[in-house]
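Could you put the whole structure together from the sequences, leaning on the hints where they help?
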Amino acid sequence: PPELAELLAHVLEEASEADVAARVRTETAGSGSNRSGKSMVHTVSSSVLNNLFGTIVGGEHFDVQAGPREKVQRAELAAFMFFRGMGEQLQRLHLYFRRSWRRQGGSRKVLLSNLRTEATLGVGGFGKVLKVEDVRSGTSYALKLQCRNKTTKQAVREAQALSAASLHPYIVQLVQIFRTSAFYGILMEFCDKDLNKRILETESVCGRVEGLPPSICARYTACVMFALEYLHNNCIVFRDLKPENVLILVKDDYAKLTDFGLARTVAKEVSEEGELRAPRISMAAGTLGFMSSEAFNGNPEHDGEEQDVRWITARDWYSLGCCLLLMVLGEGGGRKVYAAKRHVLLPAPQGEILDVLLKSMDVDLITDDAFDLVSSLTAAQVTDRADASTCRSSAFLKEAIAELEPVGIEVPAPEA
Numbered sequence: 001p002p003e004l005a006e007l008l009a010h011v012l013e014e015a016s017e018a019d020v021a022a023r024v025r026t027e028t029a030g031s032g033s034n035r036s037g038k039s040m041v042h043t044v045s046s047s048v049l050n051n052l053f054g055t056i057v058g059g060e061h062f063d064v065q066a067g068p069r070e071k072v073q074r075a076e077l078a079a080f081m082f083f084r085g086m087g088e089q090l091q092r093l094h095l096y097f098r099r100s101w102r103r104q105g106g107s108r109k110v111l112l113s114n115l116r117t118e119a120t121l122g123v124g125g126f127g128k129v130l131k132v133e134d135v136r137s138g139t140s141y142a143l144k145l146q147c148r149n150k151t152t153k154q155a156v157r158e159a160q161a162l163s164a165a166s167l168h169p170y171i172v173q174l175v176q177i178f179r180t181s182a183f184y185g186i187l188m189e190f191c192d193k194d195l196n197k198r199i200l201e202t203e204s205v206c207g208r209v210e211g212l213p214p215s216i217c218a219r220y221t222a223c224v225m226f227a228l229e230y231l232h233n234n235c236i237v238f239r240d241l242k243p244e245n246v247l248i249l250v251k252d253d254y255a256k257l258t259d260f261g262l263a264r265t266v267a268k269e270v271s272e273e274g275e276l277r278a279p280r281i282s283m284a285a286g287t288l289g290f291m292s293s294e295a296f297n298g299n300p301e302h303d304g305e306e307q308d309v310r311w312i313t314a315r316d317w318y319s320l321g322c323c324l325l326l327m328v329l330g331e332g333g334g335r336k337v338y339a340a341k342r343h344v345l346l347p348a349p350q351g352e353i354l355d356v357l358l359k360s361m362d363v364d365l366i367t368d369d370a371f372d373l374v375s376s377l378t379a380a381q382v383t384d385r386a387d388a389s390t391c392r393s394s395a396f397l398k399e400a401i402a403e404l405e406p407v408g409i410e411v412p413a414p415e416a
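Residue numbering for the sequence shown follows the UniProt record's numbering, starting at 1 and increasing by one per position.
Calculated from the structure, these hints are not laboratory results.
A portion of the hints provided could be inaccurate.
Each computed DSS-like pair below joins lysine-lysine, with the alpha-carbon atoms no more than 30 Å apart [stated by the list, open to error]: (1) K197 - K398; (2) K128 - K109; (3) K193 - K128; (4) K251 - K128; (5) K197 - K336; (6) K336 - K131; (7) K251 - K109; (8) K193 - K398; (9) K398 - K251; (10) K359 - K398; (11) K131 - K193; (12) K193 - K336; (13) K336 - K359; (14) K128 - K341; (15) K251 - K197; (16) K197 - K359; (17) K197 - K131; (18) K251 - K336; (19) K251 - K341; (20) K341 - K197; (21) K131 - K341; (22) K128 - K336; (23) K193 - K109; (24) K193 - K341; (25) K193 - K251; (26) K131 - K251; (27) K109 - K131; (28) K197 - K128.
All values derive from a computational prediction rather than experimental measurement.
What follows is the structure, given as structure tokens:
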């Protein structure tokens, strides 16, 4: 209605403190009508739009409007999510008033309409991951978009888990969360590539993926080990560790854990009767090739009603062993498959890993220290499988741990 356009114009004038005049233009469109039979489209435009509303990505057609409007042509990320969602302009208006009233300082938030899409990093059943740039700061981010009608619970759980864990240097940093009526958007720090692509880069002229140098394997394994140790000691099981969920920051050559969509807490909860009980967790979740045998068995290997945290989190250590196997041996540790328009490395089945390691030892493709760690991480029995303490004492990881040990991160002792 015209009153809303006038109100917005008044707000813009107040925001500019009389140094900018807002202009309200009333246009007559061909579709839709009001009581007089004419369609009223009100466009607010002024020089304070960029300061208050930010630079709109998607073209000049993306205006603050009220009333009917013609169908908008194909727009970029911000425009698309605006017309499908709640409308970020109203959110910005709210933020402006809140900042004015509370007089709070602090860093500027990343706004959705300031993001410019640069590339598509991945597409799957969950939605898609985009590389975006904040046009104000020039900083690149990764934006994960998930449809609310299909993956609402998973998106919320991922945001919760990531917000609780992203202060760790080897877990991807959560920057901001966006929500519209159609999408959840999780904005994260941008890393150059994932571990799967990093290993595939070692393909020889013969077309065979050879694997990474031992020092690089140890470095990336140590990073992930620190991240898993932190999660497990905070009663979180990751459940979907694989090379594609390990991101590589080329600048510092760090590995970072990402994609917390399947992460779950294993902390004991108080029941209605006031008793401490372990939460019910579906074990058969994750990527099939990286799941240990006990993930398909709903019962722990010990007697008792409660699921032991050690037994639940052991699956993450098995997955780390699979990642290390592929890092060291490349295709020799499994196979390369083509799926969903990309090449993916998959490890050998759990029952065949030891034979693969022994054959690789015979031809000097793996060192004794790497053999010991991989075989320990991929042990069939949970009681025999390596964990954080085993990794910390591994000769293969000794130098990497000494160099990469996080500073200032409190890792609580595991619960008894």
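| Is the Cα-Cα distance between K359 and K398 30 Å or less? | With a Cα-Cα distance of about 25 Å, the restraint between K359 and K398 holds, given a limit of 30 Å.
| task | Would you mind confirming whether the straight-line C-alpha gap from K251 to K128 stays at or under 30 Å? | result | Given that 30 Å is the threshold and the Cα spacing comes to 25 Å, the pair holds.
| said: Need the status of pair K193, K398: alpha-carbon distance at most 30 Å? | reply: The given pair, whose Cα atoms are some 26 Å apart, holds under the 30 Å limit.
| Pair hint K193 and K336, alpha-carbon separation not exceeding 30 Å | Answer holds: K193 to K336 is near 18 Å, not above 30 Å.
| query | Holds or violated: K193 with K109, Cα cutoff 30 Å? | reply | holds, 26 Å
| request: Take the C-alpha atoms of K341 and K197, compute the straight-line distance between them, and say whether it is at most 30 Å. | output: Status holds; Cα separation ~13 Å.
| Given hint K336 paired with K197 - CA-CA distance at most 30 Å | holds, 12 Å
| query | Is the Cα-Cα distance between K131 and K251 30 Å or less? | reply | holds, 17 Å
| Taking only the CA atoms, is the gap from K336 to K359 under or equal to 30 Å? | holds, 19 Å
| K197 and K128: Cα distance at most 30 Å? | Roughly 18 Å between the alpha carbons, so the hint for K197 and K128 holds.
| said: What's the verdict on K128 and K109, does the C-alpha distance respect the 30 Å limit or exceed it? | reply: holds, 23 Å
| said: Against the 30 Å threshold, does the CA-CA distance of K398 and K251 hold or violate the hint? | reply: Between K398 and K251 the Cα gap is close to 22 Å, so the pair holds against 30 Å.
When held up to the earlier numbered hints, the structure conflicts with none and fits them all.
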